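Chemist: Got chain A; can you put chain B with the ligands on it based on the hints?
2 protein chains.
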Amino acid sequence: MRTVAVELAHAPYQIQIASGLLKDASLIAACLPQARVAIVTNQTVAALYLEDLQQALESSGIRTLRIVLPDGEQYKNWETLNQILDALLEHRCERKTTLIALGGGVVGDMTGFAAAIYQRGMPFIQVPTTLLAQVDSSVGGKTAINHPLGKNMIGAFYQPRLVLADLDTLQTLPAREYSAGLAEVIKYGLIDDLPFFEWLERNMAALMRRDMEALAYAVERSCQNKARIVAADEREEGVRALLNLGHTFGHAIEAGLGYGVWLHGEAIAAGMVLAAKASALLGKLRADEVARIELLLQRADLPTTAPELGFARWMELMAQDKKVLDGRIRFVLMDCLGQSELAYLDEAQLRELLH
Amino acid sequence: MRTVAVELAHAPYQIQIASGLLKDASLIAACLPQARVAIVTNQTVAALYLEDLQQALESSGIRTLRIVLPDGEQYKNWETLNQILDALLEHRCERKTTLIALGGGVVGDMTGFAAAIYQRGMPFIQVPTTLLAQVDSSVGGKTAINHPLGKNMIGAFYQPRLVLADLDTLQTLPAREYSAGLAEVIKYGLIDDLPFFEWLERNMAALMRRDMEALAYAVERSCQNKARIVAADEREEGVRALLNLGHTFGHAIEAGLGYGVWLHGEAIAAGMVLAAKASALLGKLRADEVARIELLLQRADLPTTAPELGFARWMELMAQDKKVLDGRIRFVLMDCLGQSELAYLDEAQLRELLH
Ligand SMILES: NC(=O)c1ccc[n+]([C@@H]2O[C@H](COP(=O)([O-])OP(=O)(O)OC[C@H]3O[C@@H](n4cnc5c(N)ncnc54)[C@H](O)[C@@H]3O)[C@@H](O)[C@H]2O)c1
Ligand SMILES: NC(=O)c1ccc[n+]([C@@H]2O[C@H](COP(=O)([O-])OP(=O)(O)OC[C@H]3O[C@@H](n4cnc5c(N)ncnc54)[C@H](O)[C@@H]3O)[C@@H](O)[C@H]2O)c1
Ligand SMILES: [Zn+2]
Ligand SMILES: [Zn+2]
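Protein chains in written order, with UniProt numbering: chain A, 1 to 355; chain B, 1 to 355.
Derived from the structure by calculation, the hints contain no laboratory data.
Check the hints yourself; a few may be wrong.
One copy or two, either will do: identical chains are not told apart, so a pair holds if it fits within one copy or between any two.
[Unchecked claim] In silico lysine-lysine, DSSO-like type, Cα no more than 27 Å apart, as pairs:
#, residue 1, residue 2
1, Lys23, Lys284
2, Lys151, Lys76
3, Lys96, Lys76
4, Lys96, Lys23
5, Lys96, Lys151
6, Lys284, Lys151
7, Lys151, Lys23
8, Lys277, Lys76
Here the structure is a predicted model, which is why all the values come from computation and not from measurement.
Bound-form chain A, shown alone:
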């Protein structure tokens, strides 16, 4: 088992990474204030993993309640959140009952938020079952639901007591979802970990066949990277912005095509290529370095060319996402391969980049 410590000042916790964690209740049992949990999951994940987890817990004498939500980002809203809260109240769950999120980032974000606000806060454990959730959404304590006027607009910073990343669950992930998770993995290499980027270049074939050893290392190293950045900036006031590498472009792609047409990770992949090309424009990256980034993403089955949105639409979408200062938009770009930084692009530069 690999362990990543998330060293937050007031709520440190550990991420455990291994095969078979779902079927072993001991780590969970050790951190419950009361032998009672409510497991929140969705219909897809329930069919695959709920039985295993619930059985492991019940046979350790832990009372479990199951709350099964519909599957999909479109359900990450008030109504579904209230399904969780209603169920907790109907079953008289207490402030010491622990909420367990079993699923991808959607289940994790919503369940974490429910835990943050049920009776002003109950303990919360994450069991992420997508690659994206294992390497990204389970680190950092961001929880949220969407609002018709914006994604993740309502939420809280709320840390889990424990994260169990069971690598076995990644074997059943649809290929597109798996690749989307790899986009965030590659991102960590580009933010400030060149050795990891190079490791990914050497091990992409193993990762693409979901080799367990390669996966274990990639998940661990990604979590370490995110944990370090988050611990340095718990409330997102400084360096944490670097985690948004590729995201200003990526969010524009997602919103421009309509949410769900491209997966988030796919949009971020194309966004990182744009960030690399912009960095090249600024003289920070060489053409062969841009090509290395593109090639690695392609080997992960990710798109490297953004869709045509038209320049005006790009600008409109990006201005919604980010603050525009004197006509310049702030981006996360690359200072060199393996080191990102905040930088501004003006309209002429953006026009060249986006045609």
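Modeler: Coordinates of chain B with the ligands only, in the frame set by chain A:
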């Protein structure tokens, strides 16, 4: 001006107590990260005080948005909370916009919760306009809304940046609401401040005519008491339980009669008398001390006799509110006049107390 410091480890703040604070934007201006606020209030309070506050802010160059909610505890729910969130999003308020609660505990609790969850947390200022809100709900960082299955079930611990208790606003408070606030004031004397209890005995006449000097002292001393207890137990795991003196009985009265028939403070007054009588049963208070408590509450125009609910109903209601351990219910009772403690009552004792 009187200042009470609430010394919380991670989010210390000050309560300013004086006349005329509403018309003076300087204290608010000094703590805004962005010259923009949204003021949340209700229709009743808006008619009385919104103009003053908004004008003071606008003439200091602060952009203000007004969000006026319907008046009443029955609106302390999801729907009204969403009115606040929708307005913030429609007007593109940012994470650095400050939310100001102008009103009683209902507005304060709901607005504080909205601030806690809007974009994962925005700055929050309380301008409490009821006596109860000035001495109780504005100290301690509890925010919440009600759920059909329970009061204050959904919420967060979230501290304001600043509390402005403008004593002038108390002059327009309906008499019943004013008395209800006095119940919580008297409670602080009984929890662990005998000198304050005795000061209240000497100054109740002045308080009942809403004398400004007496009020200033009573609000300050109450806030000091609550702030001390809360700072010692931010997350409500220990001594903070003493703040519930009179509340287990009081909640049963509120729920037994139907919420709103008796005001919370009225129910707590009768509840404190029951707590005093129970303490006498246990040999901790003398009859003349119980009588002093009753007399002080009566002079504040508060009820001292609980309504007839019937023993079975009392037990049912109190068991809902508190945990029953081996047939005994935990109460906050008095160890002596001016010092409360946790204690248990068994069924025979409760039967004697409640007939
Ligand atoms: N909190 C954060 O810091 C953070 C970071 C990044 C993303 N997010 C959020 O995460 C969400 C995206 O997460 P996601 O990519 O995991 O999406 P998701 O939760 O929708 O999961 C993707 C799909 O895979 C299915 N699935 C999950 N686990 C599976 C498994 N083991 N086998 C087969 N199918 C499985 C799901 O049911 C779903 O259909 C977004 O809402 C995003 O806002 C949050
Ligand atoms: N957060 C906490 O720690 C805490 C503590 C105690 C109570 N509470 C909550 O506070 C709420 C009760 O607060 P409340 O007693 O202030 O009730 P409230 O907010 O309903 O106010 C009582 C009435 O007085 C009106 N009002 C307010 N200010 C006025 C003024 N200056 N002049 C004339 N009318 C005025 C209101 O519009 C309302 O009709 C409950 O929801 C309770 O749960 C919270
Ligand atoms: Zn992302
Ligand atoms: Zn009270």
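Chemist: Which of the stated hints cannot be reconciled with the structure, identified by number in ascending sequence?
Modeler: 1, 6, 7 and 8
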